[in-house]
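K.L.:
Which chain is which? The protein sequence lines are A and B, in order. With my numbering as the guide, the letters of the first sequence map in order to residues 255 to 367. With my numbering as the guide, the letters of the second sequence map in order to residues 29 to 144.
Simulated from the structure, these hints should not be mistaken for laboratory data. From the three backbone atoms N, C-alpha and C, an ideal C-beta is built for every residue, glycine too. Honestly, I wouldn't trust all of these hints.
[To be verified] Listed next, with one range per pair, are the computed distances between beta-carbon atoms:
#, chain 1, residue 1, chain 2, residue 2, range
1, A, Ser261, B, Phe67, 18 to 26 Å
2, B, Pro114, A, Ser305, 23 to 31 Å
3, B, Ser82, A, Leu367, 47 to 55 Å
4, B, Asp93, A, Gln364, 39 to 47 Å
5, B, His35, A, Thr335, 40 to 48 Å
Here is what each chain is made of, one letter per residue.
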Amino acid sequence: GEDVEQSLFLSVREGDSSVINCTYTDSSSTYLYWYKQEPGAGLQLLTYIFSNMDMKQDQRLTVLLNKKDKHLSLRIADTQTGDSAIYFCAESKNTGTASKLTFGTGTRLQVTL
Amino acid sequence: GAVVSQHPSRVICKSGTSVKIECRSLDFQATTMFWYRQFPKQSLMLMATSNEGSKATYEQGVEKDKFLINHASLTLSTLTVTSAHPEDSSFYICSASSGDFNQPQHFGDGTRLSIL
């Protein structure tokens, strides 16, 4: 398809791991990003991965990239209630003067006690 | 880290009013700024890309006469919603880029626009 797709909703228990998946569209994307959005707020950059990498780990966050399948995932270890938010993946394409982002549909993560 | 300031954070005004939203990069020079629109429970949709000193490039379906963008300096871009109507009510978010493809865009905190 032409959209960057994510599952709409994920519910996990506090302390468990969360895995949010994303299927992107353009195999020539240079970077792939994960953003977090809390209610009524802007976007917070969580992490990003260059397209020639398979994995990137940053504290509780692990990004896996399967370029062949155009599949990106974000794993949050030891999920906390403060991780409840909407998570967007985004793919980037260079336009000449900057990278243009196309966002996924967003996944709402709910963390329960 | 890089900071992008967006003002105002919330606007409520009557139909027919024009509303200006500012996006400032506070600690870096933004050669390119992007304006997004987000409807409730939906993703961000790119409206336009503005480069300092030149005309903005609008995405398909975005009315350039309705959404005026000015990027007069390397630290400031403005979006003016002209003669706003209730259907223009939305969350508008800007982002700024230094032009380095290896660096991510930095986002403002967004402006919630409500037209009565």
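K.L.:
Take the hints in turn and mark each one as holding or not.
P.N.:
Now the hints, each set against the structure:
1. The hinted window of 18 to 26 Å between A/Ser261 and B/Phe67 holds, with their beta carbons roughly 19 Å apart.
2. In this structure the supplied range 23 to 31 Å is violated for B/Pro114 paired with A/Ser305, their Cβ-Cβ distance being about 41 Å.
3. The beta-carbon spacing between B/Ser82 and A/Leu367, approximately 52 Å, falls within the hinted interval of 47 to 55 Å.
4. Our hint of 39 to 47 Å for B/Asp93 and A/Gln364 holds, since their Cβ atoms are close to 42 Å apart.
5. For B/His35 and A/Thr335, the Cβ-Cβ distance of about 31 Å falls outside the hinted range of 40 to 48 Å, so the restraint is violated.
The earlier numbered hints that this structure contradicts are 2 and 5.
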